[in-house]
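Chemist: Chains as they are written, first to last, in this note's numbering: chain A, 350 to 627; chain B, 350 to 627; chain C, 350 to 627; chain D, 350 to 627; chain E, 350 to 627; chain F, 350 to 627.
Please note: incorrect hints may appear among the correct ones.
No distinction is drawn between identical chains; accordingly, a pair holds when it is met within one copy or between any pair of copies.
[What the hints assert, rightly or not] 30 angstroms max Cα-Cα, derived DSBU-like pairs, lysine-lysine:
#, residue 1, residue 2
1, K551, K407
2, K464, K523
3, K352, K464
4, K584, K450
5, K352, K475
6, K352, K506
7, K475, K351
8, K464, K520
9, K352, K589
10, K420, K351
Bear in mind the hints are in silico, worked out from the structure with no lab data behind them. Note that the structure is a prediction, hence the values are computed from the model and not measured.
Listed below are the residues making up each chain.
6 protein chains.
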Amino acid sequence: MKKVETFGEIMLRLSPPGFLRFSQTNNFDVVYGGGESNVAVSLANYGVPVDFVTRLPKNDIEECAMMEMRKRGVGVAQIIYGGDRLGIYFLETGAVSRGSKVVYDRTHSSIAEIKSGMIDWEQVFKGVEWFHWTGITPAISQGAADVCLEAVIMASKLGITISTDLNYRAKLWKYGVEPEAIMTELTSYCDVILGNEEDAEKHFGIKPEGLDITTQGHDVKAEAFLSVCQQMMEKFPRAKKVITTLRGSISASTIPGRGFYTMEKQCSNPLNTKLRIL
Amino acid sequence: MKKVETFGEIMLRLSPPGFLRFSQTNNFDVVYGGGESNVAVSLANYGVPVDFVTRLPKNDIEECAMMEMRKRGVGVAQIIYGGDRLGIYFLETGAVSRGSKVVYDRTHSSIAEIKSGMIDWEQVFKGVEWFHWTGITPAISQGAADVCLEAVIMASKLGITISTDLNYRAKLWKYGVEPEAIMTELTSYCDVILGNEEDAEKHFGIKPEGLDITTQGHDVKAEAFLSVCQQMMEKFPRAKKVITTLRGSISASTIPGRGFYTMEKQCSNPLNTKLRIL
Amino acid sequence: MKKVETFGEIMLRLSPPGFLRFSQTNNFDVVYGGGESNVAVSLANYGVPVDFVTRLPKNDIEECAMMEMRKRGVGVAQIIYGGDRLGIYFLETGAVSRGSKVVYDRTHSSIAEIKSGMIDWEQVFKGVEWFHWTGITPAISQGAADVCLEAVIMASKLGITISTDLNYRAKLWKYGVEPEAIMTELTSYCDVILGNEEDAEKHFGIKPEGLDITTQGHDVKAEAFLSVCQQMMEKFPRAKKVITTLRGSISASTIPGRGFYTMEKQCSNPLNTKLRIL
Amino acid sequence: MKKVETFGEIMLRLSPPGFLRFSQTNNFDVVYGGGESNVAVSLANYGVPVDFVTRLPKNDIEECAMMEMRKRGVGVAQIIYGGDRLGIYFLETGAVSRGSKVVYDRTHSSIAEIKSGMIDWEQVFKGVEWFHWTGITPAISQGAADVCLEAVIMASKLGITISTDLNYRAKLWKYGVEPEAIMTELTSYCDVILGNEEDAEKHFGIKPEGLDITTQGHDVKAEAFLSVCQQMMEKFPRAKKVITTLRGSISASTIPGRGFYTMEKQCSNPLNTKLRIL
Amino acid sequence: MKKVETFGEIMLRLSPPGFLRFSQTNNFDVVYGGGESNVAVSLANYGVPVDFVTRLPKNDIEECAMMEMRKRGVGVAQIIYGGDRLGIYFLETGAVSRGSKVVYDRTHSSIAEIKSGMIDWEQVFKGVEWFHWTGITPAISQGAADVCLEAVIMASKLGITISTDLNYRAKLWKYGVEPEAIMTELTSYCDVILGNEEDAEKHFGIKPEGLDITTQGHDVKAEAFLSVCQQMMEKFPRAKKVITTLRGSISASTIPGRGFYTMEKQCSNPLNTKLRIL
Amino acid sequence: MKKVETFGEIMLRLSPPGFLRFSQTNNFDVVYGGGESNVAVSLANYGVPVDFVTRLPKNDIEECAMMEMRKRGVGVAQIIYGGDRLGIYFLETGAVSRGSKVVYDRTHSSIAEIKSGMIDWEQVFKGVEWFHWTGITPAISQGAADVCLEAVIMASKLGITISTDLNYRAKLWKYGVEPEAIMTELTSYCDVILGNEEDAEKHFGIKPEGLDITTQGHDVKAEAFLSVCQQMMEKFPRAKKVITTLRGSISASTIPGRGFYTMEKQCSNPLNTKLRIL
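Let's have the full structure, built from the sequences with the hints guiding it.
Modeler: Structure, rendered in structure tokens:
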């Protein structure tokens, strides 16, 4: 059975227990994770063979992050080592009218300082049939964007299915580039695109056409999403499927939760949900 | 009543509870501290007016470090803001035959990226009669060493008593210099010098003369220390007092613990112990 | 910049973690706070210079309460010391159909045993432009009520703006007096009055006139509050503003939460919300 | 099988976890206990039928203390209710050179405000063959001392064996009396007396005679204790056994720990150790 | 005052704190409880004299379970000892769209291996006026079912009121029997029957007649329950009361929670709710 | 690189935090481990390729045990599934004069109910060069002893080096056999034997000859061990190395800790220490 490969940053998350504030606690809960490693863990939970590749420093904290992957059944043999540090973020959970807070401490992480050529993608992609990346990675640094491009080019050359979760992050993209050119090139290699309206607008300037998005009615919302999907499929002819997530119910379903809009040309693989470790 | 000023780095320490290893826990105990801020806290505990100056990033985690100082009664009004991050270190407490482990994540901290001129020392030293720094600070970066030198020059000019704790740290001093020249210049301004044999050797190449240090007898040890002290007092004529700490009892004292050797010319101030917050 | 002064009791709150009952835990969460010190902390969070005055015993537990204030940036230099104990209360958080429980252990606290003349209000009010007290303080003891009266008389004499949060507490007022006379005198010095219908009724016998308060319609509720406000403004001619809090939405706002009714003659200061530390 | 009755104060102990200081934690470990209730629990652990009597307020915290007794198999049916509060003490465990700290908050406890006649000792002593009290109880207040005297008189009248642990507490005995008269009267009813040299000196002015107590030799120490025991047995002719505890080994025993000196006329009961719940 | 007796299994419940998964924690919350012991605790909380009987192994963990009963005021003197182990179950609380998980580890528990004659029911029922059992106990093993039958026969003979909570558990009933015959015989001795539709169907094959249970309307639901109750009362002529619980509101009550349907011939006792320790 | 295989039971250990007793806590620390899986983890920590085989039930708790192995880098692909439960033991850590307590709840575990033929040892031993088992496994049950024998026979046939840690456990060996015959047969296949004097005596009736073991002198102790080793090497001619552990220092080594006596014919592998996860 061939495997899935995901690529991106894994970070250390530190958060006060429960609803305490940073200044009200003397211990932090510890979780190791990231968008792409979480997808890998979810797939492993479902029994899908999966491998995660990244760049990590060589120390005891990094080893904890890697152990977490290994524990969940995610392959870690392709991870490369170098650089100074694992990215960290601090999360304070909001309560009542007080919002959540995130303090990033991810600059100078090993993955942020990755350079072209550091990962041997031909080696990484042996036995791989699906490659997944997200819009977070090229947002970290020029090096990370470069390596991401190397990955999609090699995956494409080897006939591997490529999926992306666009995931626009306003707090990143700080290294002096415009997301649009980079994301357009990277996305042009993808077979499956996940993303929402904000991602489409921020990354590609695509907006729903001829619609008043503030209207509450679901049909209008649905049309808006279809408009965005359609524009994305036109922009990215290689894409066979565009998936977008809509919080709240879409139709008459009484089950609260997420709905999914899917516009597809053809569909050959079940990787169609964004899964997160709780 | 005039106050004491201390200057250095304050860090976030993250450690597994009790004797757990990094890989055996999902929460870390949180402590904010550092050599120089700990001295400030100890003095405040004894009722001495004291102020701590450093460079911090502007975020919620830094605010916790500053609140910790404020809570203990240490002045924080002179702290300057800028840079990206608060230095972090991870501490795993050893047990039985397993040693303790420290993982540093302190590169690129705000204090490491401080530059000459950022701190207005004339302003900082208003109402100050004693200034304390340690050998950790110049070991962080060229900028930190430069600012440390600005501080001792200004303190000296203003007639402020200057003390240092030599504190050699092998894991620092990575920015391409030899400690000896820098430490010799900085120490030459000091009135009171704290340090042990290792500090004297690593910072100044001073070794006990004519003595076999491996001998167990206390008198021999005492002579060795006196030799080191004498050489330091010759090297630093401005120093009125050299204090060195010797673990274990020296004389016939029945109280187990630390002993202190003091060689002094004259002594005018009670700051003669290294105190640490538990 | 002139500062705000608040006066009242700070207590130690002990509560089982999460939703455990008193009898289901062997540790209690520890919080130091009180109505008036919480207002001080909130103002400090917003950067307003603020000072808190109270009477505390001299011991390590009181010191923790004072450190909590100092940590948050609240001035504690005017606190006076004496008496035996810090007031304590035990809080068990309710769950599902089980209500919350409070067990008070606040008798004989230092503030309860305060006497006229113990606080030098002229000294306390140096550099103060706003004084805030609540209806909890005079409810504690005759001495606390007497000192509260000293405070408002002196503040008034010095031209300091005075605000009160009426805060009726049925479990207090046990020392053999009727709240009405005391509260009427104290409130007559106030420029800003915060309180709800229950406070108005219990403290001053003021009820909404000509209205059926059980009706669900918001307009009726609004009229009721306006009636209470109007009566309070007539009773207390010095008051420039009466503020009352109404839980739930008042108008067509879709955001659930609190609403505020404000009836004012003139308004010169932004202290118009009751803030609590989460 | 007849039972043992113990009488005294049960308190709530609040202590920071591990070696943290009061100011370093936001939760306290919770233990309910006291000298006399701990003896009751120890006896129950050994299967001895035992009952504990005291005076408690009626609230949820007191109920926790009582549940703790009941859980361990100690009878609580004779406890009387009244008064305002359960005594509290805060304990900070020392570490390295920092000593432990105790902050008492036990004034105005229900047992401190007990009065003669409140406990029906004839009822309490039904089915009792042994009564145990300690020197802590008469040290609390005049009322507690009075009730203690009622107890020993009634126990004596009913032919119940009486034991006491002298337990001198310098921080108590604050209510304006000298311990000697009270303790001498109370102890004169006892069959078994536990106590050390300090207890003997502080309560009865008894000192070891003709001995240099600072000498290290065990034989001298042993003689000193025998001298104290002898004087106590002369002073209290009713006492059949005087037991004193000596930390460290006395004779050539290789087992480190406590030794016990026992001087007895006759001995009929196995209650000869001070047991404490860990 | 005569007492209530309950009989069944008490287990050790182990669950990760908060919403963590089994694989995300290194400590488990510990609770000792079971359907029948929880009823005993609830009655004791209300001041009803109550006793719990079961079979337990003799070890320190069992002692904790028994202490929990004793602490809450439940009699444990009739408990018999023998067998290897206390039943355990692991509970992972669900979150968002992830369901809760229960892992049973209760095979070979002391109560599962109980045999006829082990409990002296005549002795147990001294001073008892009400006996309560549930459908969980006969589902454990043939021995447990046999002892349950002994209990109801003896209780019936002694004129004791008998109640049952049918409590169908699909994961039990594994020992090679059909629940219907056993439950029908056991229930035929009962005066009060608690249960819902699922219990009625699984235990007795009773379904609501002439009704479409999927309809949302409350009146239809109510009729369905009445139909089930009526059939149960016909099947069990000794039953004076059948009580069934309906989650959600039944009528126009605005208070969310449980409703209770009660169909009774006559009612003489207040044991009419299922109470659980939070 | 060929790998090491270890075989045995992995259990869930539940223990109160710190020095609390079972009855003083409401949460248990959770650790998954066992003699043979701990050796596997230690070897993996040193980078040795290693695999662990056992029999586990199929549930979420077992999965946690397996994740712990996987996290540490131990292969788990050969584990077989079946049976009802994972063995559990409860551990209360002693303090001062109170000893530690272990409550076993390991009967009916999946490994205890293993039968001959369940593990395909030829498959398990592919790529294996060293097999390690301990005396705990045959002590569990007849089935476990049978499978252990299958393993050593097959390992021997395949030319795999076999080591054992004799590990006598008085609380096991309950299934009606004498350890000596079983252990003698199993050990006769071993190349390396680890064990101490107690193991030698309890398993094989071997005692040190001509020596007074109670003497304190180290030389006497050393001779005693050499005597035991010699007898074991005579009894088990296949053994190339007998290793025994002696707490405390043996010779003039100044490093406190364990010493090791090794008597060897030839030695080809570095597996000569008993390592345990802290």
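Chemist: Which of the numbered hints above does this structure break?
Modeler: When the structure is compared with the hints, only number 4 turns out to be violated.
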